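Student: Here the protein sequences line up with chains A and B, keeping their order. The first sequence maps to residues 0 to 429 in numbering that gives the first Met the number 0. The second sequence maps to residues 0 to 582 in numbering that gives the first Met the number 0.
Source of the hints: derived by calculation from the structure; they are not laboratory data. Since this is a predicted model, take the numbers as computed values, not measurements. C-beta: ideal position from N, C-alpha, C; glycine also.
Below are the DSS-like pairs computed for lysine-lysine, each with C-alpha atoms no more than 30 Å apart in a straight line:
| no. | chain 1 | residue 1 | chain 2 | residue 2 |
| --- | --- | --- | --- | --- |
| 1 | A | K140 | B | K20 |
| 2 | A | K368 | A | K421 |
| 3 | A | K257 | B | K291 |
| 4 | B | K437 | B | K505 |
| 5 | A | K309 | B | K254 |
| 6 | A | K137 | B | K20 |
| 7 | A | K137 | A | K93 |
| 8 | B | K171 | A | K140 |
| 9 | B | K20 | A | K93 |
| 10 | B | K132 | A | K140 |
| 11 | A | K284 | A | K316 |
To be clear about the criterion: a stretch of chain A counts as covered by chain B if any three or more of its residues have a C-beta under 8 Å from a C-beta of chain B, and this derived list gives those stretches:
| no. | region |
| --- | --- |
| 12 | 117-124 |
| 13 | 177-183 |
| 14 | 227-237 |
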Amino acid sequence: MASETVEQLEAKYRGWYEEAGKSNWEFSQMFGEEDSDSELSGSDSEDGSTDNWISSLSFDRTGRYLAVGYNCGQVVVLKQQPDEQTYQLYTEFKSHESEFDFLTSMEIEEKINQIKWFPFSQHSHSQMLMTTNDKTVKIFKMTERVQSAPGEERKTDIVVKPLRTFEGGHAYNINSIAFNSDGETFMSSDDLRINLWHIGVRNEAFGMVDIKPENMDELSEVITCSDFHPNQCNHFIYSSSKGIIRLGDLRHSALCEKHAKAFEDTTPDITGFFQELVTTISDVKFSPCGRFIASRDYLTMKIWDVRNEKNPVRVIKFHEHLLSKLCDLYENDAIFDKFECSWSSNSTQLLTGSYNNTFFVCDAFGTGKQSLKALKPAQAQRVGAGVSEPLDSTQKILHAAWHPNANLLALGAKDFGYLYQKRLPVRKFH
Amino acid sequence: MAEAKPGDENYPITVLIEELKNEDIQLRLNAIRRLGTIAKALGVDKTRADLIPFLNECLDDEDEVLMALAEELGNFVEHVGGAPYAHVLLQPLESLAAVEETVVRDKAVEAILKVAEHIPNESFEVAFLPMLKRLSTGDWFTPRSSACGLYALVYPRISDGAKPDLRQLYGKLCNDDTPMVRRAAASNFKKFVVTVDKAQIKSEMIPIFQTLARDDQDSVRLLAVENCIAIASKLDREDTVSLMLPVVHACVNDKSWRVRYMVADQFSNVCNVFGQDIARSELVGLFVKLLKDSEAEVRTAAASKVTGVALMLEVDTVIKQLLPCVHDLVTDDSQHARASLASDIMGLAPLLGKDLTSTHLLELFLQLLKDDFPEVRLNIISKLDKVTKVIGIDTLAQHLMPAIVELAEDRQWRVRLAIIDYIPLLAAELGVEFFNDKLSNLCMTWLGDSVYSIREAATQNLKRLTEVFGVEWAQNNIIPKVLALSSHNNYLYRMTVLFAISVLSKVVGPDVVNDTMLPLLVKMAQDPVPNIRFNVCKTLQAMIPNLDSTVVQARVKPVLSKLLEDKDQDVRYFGQQAWLMCN
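One chain only, chain B, in its complex shape (with noise of 0.2 Å):
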């Protein structure tokens, strides 16, 4: 074509063609994610007219290019000119929900169904329909793939008249020749079904799902369980037991671990849906099934769902039922099961109740506390509220102390940093004599750890036990420690001291500021080591939005005028920036 000259009516197009011709990906990514502009400066009728049809014919490119393309398309129905018009927007959309490479087609599935909340009821019938037709009876199974996910938003919005082609055309896509199309169907299948009415569920889609569950491939057959729930959301308590127990039941027996991995995972969703009549009656013997299955993922999942599922029995089974295999679990072979357990058994207490839990439940969580492995420990303590609350903190905290030093103490650093992370909580559980017994040294040797992590956070524990405790009890029981800490030899705890001050600042009053960090802040301005005294100007900026400006004026002004001359150049800087905050 002729050269296009700005003010041309077709300028912007002719860019975007050049643009999109470009050897670097970055170029035409860039070119693409500026579409809004260009169909903004076309104008709407333009845009219909000439820039669709043009992206049209773009859909050759890398993968990145055609997903950019996709998500921006999801947005343009104003630039196309309204609802009347989005369904123009179908047609390139289409062609990307139907490439080689799975994300380009998730991306355009996303912005059809995007596009689609903007077509009216009267139009959507015609632009939705032949387009799900089309993409469910594609030659590959690409477009066959993307159509599963279209169904649920399609077809409550269409007319009675065509709802029975569709629900075959997805029971054709159940029986699909490829494992990808009947996994995505699979997958699918929960958010289709509950748009269809009762009579159909029972009629044609339970069947389906039924071949669906007893499918080839293991990763079909994973899918049933959260199919099942769905359905059964919409059937009475009959049809459930009738229809639905025996896909749970074959479920809980199959042959892979996956398959069973998936009931345990979604246990306590199939009890709520199936009702406790039934939980009570039929589903408590599976769970204890998986509880003691014999691949270690099956029963971490389930261990994860105890407390989930009891709260759907008596207390009595509990008892007799649960109880057995949760003993097992405390000291089953994989940590995995073990810790997995330890995140969820706390929950039991508030349901058993003060007494039953000192009987059966008290030496499963101390047996937990002192386990080899770091994690189930550190999940029993994470969980800890639930259990105070029931039987008090004291039968606990003898039993506490030793399991808290212990992982404080841990040879890996990240043990050590997770159980920093609950100690304002155990601290508030814990009381404040007992923490300044018993916890407060140990938040003191964490400044002066070997691992910067940790004495980060130790500092952030200082600021959130402030914030439990008060500023009084900060003022008379940490500040003084911290502050001896300035006059460590080694400057990395020096330091330390300075990130506490710029910490604690702001949960201190203004006079803990000004009359004993202040002053400490003026004497660190002249530490030998450069790296505490840039540090000093960096606390000293971070302070001086909350302190008054007479303040400001008076005490810190002086001490950066000093630094503004040293003979270290980062010092010099981050005096200037502290500086230019002083104004």
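Bound-form chain A, shown alone (with noise of 0.2 Å):
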């Protein structure tokens, strides 16, 4: 894969995504309903509370579990069914707590921002995942335990444990956390600074990237996102509220990495009052082959290969009927809205939300641009079909995960969630 040009790849994909597009994506299941045993089931739109909203969803690594982080605090993770179709509640907790920070007489959301699971299998009953508030990173352990008294049946109790607290790391909000392929360390990003962990050790942290400047009135760039490459231990990347993205390399030097490659497509996606505002990128996500790169901003979806910085391999547009409804965006600040992205297993497609509860299948490497409404399917039946909606910006889907083996994408709007699934098998290119 990694010797081939992007033309002989789309030559090689062609007739994947022909294959793929004959089959449509389908609703296969909701959850966040309210008849659901989960504690945060119940719409709670009447009172405007925005608790129960998800706010970040994670697959592990073999996407058997599905990680759903809330505006509360909650994590609920659902485990895959011996179907392989349906996700069923597994177990859920609460992560972290807000807090008021006395220095600063702020409050600390409680809001998961993200979560991502361990990527080594411990044990076939434990698995590891860590999530992040603002201000603090945790690592939670959770394990299956048989109990059986003599004489009664097996009973399976799913214990949540917290395993370690990281405090004390960010004077900033953090926005990302990822492991690394080593297995024992982890970075975390905010605003101005990413921190290395080790797994092991609580109270130290190293810096890795600094951009705060001398003169705090000289601020223009802020970091939005960050991540480690998915098998190279020395390789993350992060992006700024500028557009770019940077490469660091973990080889080079000890303190404040510069960055090894700079992503910046210096052509505007659109000129203007907004420009500054939609160049912001929400989220970059390493492929999961490792060679290229995907970055969302408010209007575009932009594909790099790693080894050429100048031009993205491809600029996927598809919020072109957002164009002359900015103004109305700003007013409301939908375009602030954090959108993520998530590559298909065999890095061949791309997987973003959108409002109106629309979401977007794209070919990373080819034309097809499909877009999908997530609706239940007895609400899919009330509207037809190509009926053109008057654009609803509260109805946004932010958070998207593409499950690492499948055909499954996990989506997530406000205080639902939606799991749709393809029936063709995943044909695996590398």
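Hey, can you piece these two chains together into the complex? The hints should help.
Tutor: Structure representation (structure tokens):
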């Protein structure tokens, strides 16, 4: 894969895209409904509380578990059933509580910003996952315990125990966390700094990146997102509010990494007043194969070949219909929405969410761009096909995750989560 | 089970079961820590038959509890009936070596190694080999990591026929899918490889080692140097050059600074093991490269090894090749590199001898002595004796004073604290006249420092100086000045006098104590500030063991009896404590 040119990849994938295009994404499941047995069930749109809104989604390495984080600090873990189609509530726990920072007189929200699973399986009965809110990163261990008293039937208890808490590492709000492929370190990034931690050490972290200017008046760029390379322990990327993605190499030096590469598309998506606002990158991800980087900004998704910093391989535009409405979107703050993006398991397609509960599945190396609406089947029947609706920026799918091994998508739209599936086996290319 | 009563043979186990079900982790921990007692109560037979199997089922608990359990089991050999039965402990320990939490696994491996010491050679292989194979081929990375820690112990004690399999298994661990196992295999490699025969090292172990040294993961590659050293210790010179030297080369040129750091850190050891020949011909060039590395952390590590490496080289080489780098390091951008150099560079003086030190090194010392960062200056001062032995103190003395004074007046109290620590050393080097002339006032100033830790250190300093210069000197030079502080109007400084008396009374003779110190204490017992008065009691309490009993009766007790009726309750309390000491 590493040696093929982008043109060769396009040719290779063409057949796959055709094949894939023949079947549809179908609604599989919804969670967060009134009749589910989670503590969070029950729509609360009446009282306007956003506590039960989904704030992050993450599949584990095998795809058997789906962790869902909420604004209220709760984390729900769903487990794939043997039929490989449905997910059921496995366990849930309160990850973070809201705190009050006395020094700054500010409340620290309990909202879960990101969840990541430990990339190696420790045991058939236990998994490790990492969650973070604005200030504190935590690692939890989720274990299945079999209690069998003599004479009784086996009861399986699922116990979630906090293993480690990493606090005090960030003066600014944490936006991302990522495990390293070495199985012992991880990074956390906030607006201005990125820290490298060791899983076993709570009270010390190393500074990887520090873009804080000497004089804060000169501040013009903040870090928005970061990620480690899937298998190279020394490569990481971080994106900024100026639309630049920087690749760092941990081998190069100990402190304050000068970036090894900087990916910037100098052709602006639009011009004018909103240009700066829409350039900020809301999500950046390495492809599972490790050769490409996808970035999501307000209007587009861009795909970069790690080896080419000057020009993105592809710019996928799918928010053209918003261009005329940018004023309104600015008025109601929707222009600041941060959408996530997710690669398919074979690094050929990308998933991202949008407004009106729409989500897009785009061919990374082809021209295909499919837009779908996340709806319960009952609702879908009521809405006819091809009916164009007015833009509803309150219905948004900010969080989206693609199953690591299957054609299964998880989407988060306010307090409801949707699972969509495609009846098509995954073709592995590398 | 039916409720067991004390006296029932199973009572101890019943109690244990109950305690281990308790929700409070502290109680469960206490129960585990008393396992030895329980085993004694049960006797060796029942311990083997009932307790150990029961413990096998208890392995689902908090990490702290499991760690304590592993530790207890490591000491359980006598409880199960001694060496012939030690192997029964391996079953629960094997399970503990496979759990998820690293700290528990590490403790379990420790315990296994302890138990192994008791197992006789005849039964060793039967007890250990199957367990090691099971751990090494476990489904999850956790037992496989633990297995790596056991090879060095097991391999030497098994039969020759079983050895090839074991070597092969270790090779598999070094090529494991997960970085965690490969790291464990790499870090245990050096202990394992030295137990293997030279022929097999060359045919089997070195290829494995070479793969580890080229691993994708930085955290595995950086362990290569230590393994290199271990292997080289078993090879002859020719093989070392052809097989190990390339690895050292690769590490020095590695893209990752962490790998280069490890080489720099181990460079003296590398030179020692590879031998003087290779050091002089091949290694010196590599070391120079590290001293000039682009990453400050690497330079810092290398700088601390300059003397160690220089010892293996000819003086000429040191001057021509190492000194230019040292020169650059003195003005390095990184304060850590300079500090590291400062703590090592003095060691070059005895190597080069008087003349060469004066020509080449002296100016470097002086430059470092004027560095911006206190740590650099402190490091030079701390190793002063190495240099003074070679070139004498006079040249340095005139430069030392400004440096010492500046450090003594530094804004950061920890810096002031550090220099106080070196005063006795300097005093011994510089001699009593120099000291009286220049440093004595400084020592007194510290007694009046605004930071308590400094005042405390200053009093300890006086004691150490007395040990260096003698009681008479103390009597003439220190005591008068200290006692003069007793009339300061700030009570904190008067307190300092009390601490000084307490500390000095141990080293000055009874004459000074009786003639000078006691009268002062009597006077201060009437101080208006209660803190002073109760510290008088505390000082007396500390001094009483060293005082003659007649003195105690005649002079100490009267003072204390007045204080027993003091209006302040703390004074009365400490008076009581001291009074009790009198009798």
